[in-house]
Structures are given as C-alpha cells and as structure tokens.
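What follows is the residue order along each chain.
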Amino acid sequence: MGLLNFRKDTFRHGVHPPEHKSETNGLPIRQFPFAPLIILPMVQHIGAPSVIVAREGQEVTRGQLLAKAGGYVSVPVHAPVSGVVRKIGNVPSISGKMVTGIYLETSPFSGQEVLESTPIDPDTATKEEILQGIQDAGIVGLGGAAFPTHVKLKVPDGKHCEVLMINGIECEPYLTTDHRVMLEQGPDIFMGIKYLLKATGAERAIIGIEANKQDAADHLSSIIPEGMPVTVKVVPVKYPQGSEKMLITSILGREVPSGGLPIDVNVVVVNVATTAEIGRLLPHGRGIQERVITITGPGVQKKGNYLIPIGTPLRYVLEQVGVDENISEVYMGGPMMGVAVSNLDISIVKGASGIVAFTEKDVKKPQEIYPCIKCGACVDACPISLNPSKLGILAKFGEYDQMAESYNLMDCFECGSCSYVCPSHIPLVQYFRMSKSIVRKRITAKQTATNAK
Amino acid sequence: MLNRTLNISTSPHIVKGLGTDSIMQNVVWALTPVALFAVYSFGLSALLLLVTTTAACVLTEHYLCVVSKKKSTISDWSAVITGLLLGLTLPPNFPLWMAFAGGAIAIALGKYIFGGLGYNVFNPALVGRAVLQAAFPVAITTWHPAFLANRFTSVSVSTFTIPFMEPAVDGMSGATPLAAFKFDHITASASELAMGLTSGSTGETCALLIVLGGLYLIARKMMNWRIPVAVLGAVFVLSGILYLIDKEVYPSPVFMLFSGGLMLGAVFMATDMVASPITPLGVVIYGAIIGLLVVVIRVWGGLPEGVMYAILLANALSPHIDNLIRPRVYGTTKRMKRT
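Same order as they appear, the protein sequences are chains A and B. Residues 1 to 453 in this note's numbering are what the first sequence lists, from first letter to last. Residues 454 to 792 in this note's numbering are what the second sequence lists, from first letter to last.
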C-alpha cells in the first residue's frame, strides 16, 4: 500500500490471524498449585547465565536468592517456593540443550510466605537505585524476549528518553496474559510506571493497547493517578504490532533506524506485565517468583490465565489443566512466534507468556511446498517492507551475503507474517533465521581474522 | 501421567490457508464463463480448440516431468490455465494440429525450460502464441465470423487441417474490428464489442465476462487489481489524447479498450504473477508500459493488434522493474545498493 498509506495510527502492512482470545480473556487470573519439584534453569534470560549461590541440601524460603547475576547483562534467580535444594546439575531447556540449573523440592508443609528484603521507595530512590533494584528482583522482559529489563532501561550517555512506552498490545493470537494483567493489576502497573519514569527520565508514558482490549484501556484510563503524565492509546488490531518498532511507529509515527534501538528515537518500551511486576516487587524488595501465563489452545481442557511459579515443569502444568489425548504440538509463546517444545520436562521460564497446545487436527498439515509464484502476498505482509519472495529465492541458492547486503536481511525480526500468508507454504521465516545466523557467523569469523592480523 | 511424544515444527504454527493450487484453480473458474461464451459464439470449432490446447499443455507438462524424473506438477493447475489462455487467444477456426504444437511449445519453451512454475520469465501462453504467430502468420490471422447458424453442427474446414498442410480457406473469414479499423477505417460500436458480438480470437470477444472473471479474482485477493487498472488506464489516457488531437485519424479510447485482445490480456495475461513485478509501484509501471506499447503498436505499428508483444516485452522488463523499484525498508533512509 506504499502509495496510498493514509492511516496514521498503525504501521505499514501486517496480517490479521484469527484471534482466539475470547476463549480466555474473560477468565480471571488464578493461582496455580505448587508443583512437588521445581526445575530452574540458569539461562532464562538473554545474557550471561546466573551464578548459583545455593548449595545442595540447603533449605530455602520462597523469594530467597538462589543464584546471583552473572554480570551486567544478567539477572539473579530467586526461589519460587519454600523447600530444599535437591540437586544442582543439568536441566533440560527449551532449545533442547541441557543447561546448568537447580532442582528444588517443594516443602509440603510450608506456608509459602515470601521473603522480603530492602524496599525501594519510588519517591526517594535514585535512578541508579531503581535500576539496581530491578536487576536484583530478577526482572526480564515478560512479553517473551526475556531481555534483562535494567539494561534496556539504562539510557546511554548522550541519549534522551522522551517517551516511556508501555506495551499492552499482545498481538499474538490466543494469548490474554497482558489483557488480564491490565484488568486486574492496574495499581501495580501505575506503581511500575512511577519507577520506570524515574529510571528512564522520560517526560511522559503512553500505554499502547490494541482495540480488542478496549475494556482494559477504559479501565486503565479511569484509574490514572492524579498528576501522573500517562495516556492510554488504543490502536487497530494488527499483527505484529506488539513488536517494539511497530508499536513506536503506530503510536508516535517514528521509525527506529535500521540496526538501532528505540532510544535512538527517544523511546524506551517496556511490556505491561513487566511493568506490573516491577510495581509489585520493588516496594517490598522481593524477587520474581511467579508470573501470569495463558494456558490455552484447542488441546487444553481447563483453559485460563494462571499465576504459575517460575520453574513449574510443563508436564505438571498440562496435567493440572488437563489436555486432550491427541495433543500433537505444544508451544511456549503464541502460535506466530512461539517455540514448539520437544519434551514436557522443561519448565516455565520468566519469558513464557503463554502455553498453547494443539491437537493433531489443529496443527498445520505437512503441505506440499510449491515454488514461489511471486504473488507478492509476503511483500504486502512484511511490516518492515522487505521482499521476502526475493530473500527466499536467494536463501535457496545460498546467497546469504547478497541477502544481507542488498536486501536488508538483518532487519528481519522474524515475526513470521511472510510464512503465514505464503500460498506456496514456503517456510520463509525459517530460511531467514538460518540465513541470519550464517551471516552473523561469517561476520564474527571475518572480525576474528582481522583481529588476528 | 502425561506421556506423549510431541511433534516439533517451526513458527509460525498457523497458516492463512490460501494455497497456490487453489489460486490456480480459481483462475480456471474465472476463465470458465469466458470459455463457455466462446463455445456459444463460435461453436464446435472453439470447443475443440480449447480442449486441444488445454490437453496439449497438461500432457506436455506431465511428459516433461516424467522424462526429467520429477514428480508430475500438473496437479498445481497452472498448465490448465496456460492451455485455456492459449486457446482463447487463437482464432476459433485455427487448425488443431497447430494449436496442439502451440500448447506444447508454451509449456516446454515458455515454462519448463526455465524451471517450471514460478521461474518462467514470460507468460507461457503468450510464448506459445508468439511462436505460432511467427510460424503460421496466415492461419493465425484468418478470422471466422461469430454466431454462424451452423456453428454447433459443423466444424470449420480449417480446424481439421492435416498436419504440415496449408489450411483450407472456407471463404467465410470475417475481419476483426481492429483489422477493420486499421485497414478500412471502420469502427465497431462499443456495445457490440463489450457484449462479444464481433469476430475475433476465441476468448477475446466478450469484454463483459472477462471483466467479471477479473472482479471475482480481485475480490478473492487472487489477482493484483493494479495491473489491469494500470494497463487499461494507460490505454484509455494515451488513446484519449490521440483522439482529442485528431478524431478522424485515431480510434476512440472506448473502442481501444474493448476491441481485440486488450481486455483478456490486461485481466488474465498481464496479471501472470510470476512474470509481473512484485511491488505495488512496480506493477503500476509495468501496466503502464503495457498500455503504452499497445497504443503504439496498434496506432503506428504494422500489426492491427499489439497486446501480445506488449505483454511479452513488459514481462522481460519486470525483473528490472523489481530491481529498480524497491520500497524503502523500515528504519532506513536510502535504498540499498542495487544488484
């Protein structure tokens, strides 16, 4: 639509997959039972793994520090339940690799009171104290990215944060986590915004919400605290609007430069559930022990939005909610960008915003892949105006360098809109993931070679 | 105890559901009324012609797949489209053996040699027709009048010409409106043209049904509406300018739009997804080039009709258009270096 793009309050292109949100968006958040055994991987976030400080056999209280941050781009891990550290060793992770982790046996007789430490007062704390507090609470992006939030909030020298954007878009089909959080945790969200405004130095905050959550927008608008510079902005429903760059474009009309970050256009974006978590934990000096997750999909019997302790094994979660006999695929995240899990022994991590189970008849059939007929559906879908058709053909012929140099491959953020619309069923986004990783390796190899000279 | 082996697959885990084969099938449905009207207006000869070209295309594609030890690709329905389109662009009384050869050439030289569906540079049906035009210039310009009284009981004598023999001339040739205008300066009325009451190639006479087929595909988002709009718009504007300059010499824009193969070409041939550009601006440029070439060939060229060559030329240009016209990528200020 390049020539005729009159609409201002959304980004270019995008797709409209069926939403399937009505199945859970009316169900209040419910506390999930404690699993008898909690499995905590030390890489639940992007960055350096957490460093374990607990010892085997140690009795720990809910909220107690089990592992400290392994560096600046890293966060600590807290005990999600009171219990005993059974074992420190390898635990399964979603990637299929075994990673270092902790097996924590839940104490059946504990009252599960949460340990508190030094509270952070939003009125008196300095910017640095708040950032430190956010890292100490183990907070990462709860929307799915799992990037340490304190790193994202740190405005680099010479840059200025004008707008704090709170991301309540939740454009993935099926998921209603953020929707329920906005309806039920309003005061936490505004407390979180108070901390975040101070930490970033932003002049104002905007809460971005898609039109299919009008009730949440109305609710939040009605409880904005007196004098707080916050506005709620409703935008049309379109995938992948929840992506930081698309959200900034939809609401502010600014474009984040290629290869750049939101702060390059004076914006910092934080997910709404992350914001609520900050607002809930920091006043008590607590660490993150649980998160809200939508458990849904055609294969799930008791669909709903649950407050689930971090580290709860996926098998336990699915047993509790009940799944159909013939479940075939389980996704961590939504169906557009979520990862299909290979086994149920992995556990709920901080970045998991949803669990979607599909039965055999819901999964996409192994369809015949036709050649690209250049219909242009992908070109009309790509939110950043790439040419996925051309990129797909180049990927097929191994022209990775040309993809990166002439066709902006590295700008692709893997939303999957191209694969979703492709009538020839070409796994375009998978081609691009592979091509990107090959290009990255080549760049690293080149740098190593240059450094060696 | 939940104990199940799970499948894994790459995201996205849902798909829109529109398939390439179903797009192709729908193009065939959209062409069906045009083909039926052709049979109604030209009778048995037209029916035999369409069956022959379609069979030639499908059989050739199947044969080529078999000899190159590949899975047969006829189930994607694209060969059926090529066959139907080729038949619709030929005169209804065209000798069947020539038509069969044209279908085979369309698939073999127009499509398969480039790598099959998705890789053809030109519209395969038009490649077949261009070869036929070069090889049999007389047969392809010998037109048959429409609505002959005996059209459902007898077949034109030229239809069953023995291969490699000169087709017999039955003395009933009827000039097409474009030829009549070019050589004798007689204009057919717009309503006659739109309703398909004139003589011409098998499927090009009824503009109304062609437009309806196009609208169906556009409504189902299986056709890029910009292409026919750009082609027809360019023809209308350019011939309109000429008409305003001198009404005596140049045909009216309405006559230009509805005569000859323009409507069929603009709606069903120029829109070949594979051989047209991929960006919105690119297809507009591509369509305008076709429109310009149609007017130039019709008005100043030696041939009465120019749609085929106009589309083939624009097909050849479309990779270059795609290389030159690149939408600005999000977050970039200048266009990437071209290849």
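The set of hints was computed from the structure by calculation and includes no laboratory data. Some hints could be false.
Using C-beta positions, here's what the derived DEER-type ranges look like [to be verified]:
| no. | chain 1 | residue 1 | chain 2 | residue 2 | range |
| --- | --- | --- | --- | --- | --- |
| 1 | A | 160 | B | 785 | 18 to 28 angstroms |
| 2 | B | 523 | A | 51 | 21 to 31 angstroms |
| 3 | B | 772 | A | 360 | 51 to 61 angstroms |
| 4 | B | 766 | A | 402 | 38 to 48 angstroms |
| 5 | A | 369 | B | 785 | 28 to 38 angstroms |
| 6 | B | 785 | A | 211 | 41 to 51 angstroms |
Just so you know, even glycine gets a beta-carbon here, dropped at the ideal spot from N, CA and C.
Hint check:
no., hint, result
1, 160(A) / 785(B): 18 to 28 angstroms, "holds, 23 angstroms"
2, 523(B) / 51(A): 21 to 31 angstroms, "violated, 56 angstroms"
3, 772(B) / 360(A): 51 to 61 angstroms, "violated, 42 angstroms"
4, 766(B) / 402(A): 38 to 48 angstroms, "violated, 28 angstroms"
5, 369(A) / 785(B): 28 to 38 angstroms, "holds, 31 angstroms"
6, 785(B) / 211(A): 41 to 51 angstroms, "violated, 29 angstroms"
In terms of the numbered hints stated before, the structure departs from hints 2, 3, 4, 6, listed from lowest to highest.
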